[in-house]
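*Asks:* Residues 1 to 267 (UniProt numbering) make up the sequence shown, in order.
These aren't lab readings, by the way, just hints derived from the structure by calculation. You may find that some hints are simply not true.
[Unchecked claim] Here are the simulated lysine to any residue pairs, SDA-like style, with alpha carbons at most 20 Å apart:
| no. | residue 1 | residue 2 |
| --- | --- | --- |
| 1 | K102 | E127 |
| 2 | K90 | A24 |
| 3 | K52 | K32 |
| 4 | K188 | V148 |
| 5 | K32 | K80 |
| 6 | K13 | D33 |
| 7 | K32 | G91 |
| 8 | K28 | E55 |
| 9 | K52 | Y35 |
| 10 | K256 | K102 |
| 11 | K149 | L117 |
| 12 | K32 | G51 |
| 13 | K261 | T240 |
| 14 | K80 | L117 |
| 15 | K188 | L154 |
| 16 | K62 | G91 |
| 17 | K62 | H40 |
| 18 | K52 | D33 |
| 19 | K149 | L100 |
| 20 | K142 | G128 |
| 21 | K20 | A67 |
| 22 | K52 | D23 |
| 23 | K256 | L86 |
| 24 | K261 | Y35 |
| 25 | K220 | K261 |
| 26 | K52 | G91 |
| 27 | K13 | G51 |
| 28 | K232 | K256 |
| 29 | K232 | S197 |
| 30 | K207 | K188 |
| 31 | K102 | D126 |
| 32 | K220 | P204 |
| 33 | K28 | V68 |
[What the hints assert, rightly or not] Now the in silico label distances, taken between C-beta atoms and shown as ranges:
| no. | residue 1 | residue 2 | range |
| --- | --- | --- | --- |
| 34 | V88 | A21 | 19 to 25 Å |
| 35 | V174 | E103 | 27 to 33 Å |
| 36 | E83 | L255 | 28 to 34 Å |
Here the structure is a predicted model, which is why all the values come from computation and not from measurement. In this text, a Cβ means the ideal position worked out from N, Cα and C, and glycines have one as well.
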Amino acid sequence: MLVVGELINASRKAIGEAIKAQDAEYIKQVAKDEYEAGAHFIDVNAGVFVGKEAEYLQWLVKNVQEAVDAPCCIDSPDPKAIEAALSVHKGIAMINSISLEKERYDALVPIVAGTDLKVVALCMSDEGMPETMDARLRIAEKLIDGLVKNNVALENIYVDPLVQPVSTNSTFAVEFINSVEAIMTRFKGVHTICGLSNVSYGLPVRKFMNHAFAIMAIGKGLDALIINPLDKMMMASLVTAETLAGRDDYCVNYLKAYRNKQFDFLG
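Modelling step: build the complete structure from the supplied sequences, incorporating the hints.
*Replies:* Now the structure itself:
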């Protein structure tokens, strides 16, 4: 399971204030906390700073990679901001994200074409967010075909079928996890990824629902998540779900997590 730490996002008040104040030590500490908790990529987002996004995104990448030996997930739809961040990035970054929306697609394909960059491909088009599995699959197929034709390797594509809140439609969670299964079955070699929290929007006890949803999605093949890695219950749930889904031969990862005291919070 690939984990992208989601905490360095300027929409979060403390992070936004730290970016504005150029408080590098605060950003570095958050990056360290995420990395030590198990994040493989550190998401960086400066989208709220209109006119300064490229400058701040570049600053975030520099500071994160000074703090931890991990690549960044560069979270922006703006090609100029992405290019600025990539110019200082060490190693292979993840780009979050491209979609089938024409303006966004045309702007980002030249950046990722022929590279080893990891690419999050959102199942979204100019017609908006799809609500059914079939609609998601149509978009996913076009995105995957387009990226492959532009020399992006299948294993570098992370399809995000897009999570929508079950509070607005009781079928949205089922449609999502069925989409994950269909994508992983039809497009061998690609990955699936998502941010979880939208599924529980507008409902009480959101964290519990997010955990349950993650376990269901992993059972259908989901193999990457954008989450808060400091959530110990979530991280323990992920390794357990992968073991139960048959993706942990001889329970090696589960036992490693146990030896690393990943379950100690349970008492």
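*Asks:* If any of the earlier hints don't hold here, list their numbers in rising order.
*Replies:* 3, 5, 9, 10, 12, 18, 23, 25, 26, 30, 32, 36
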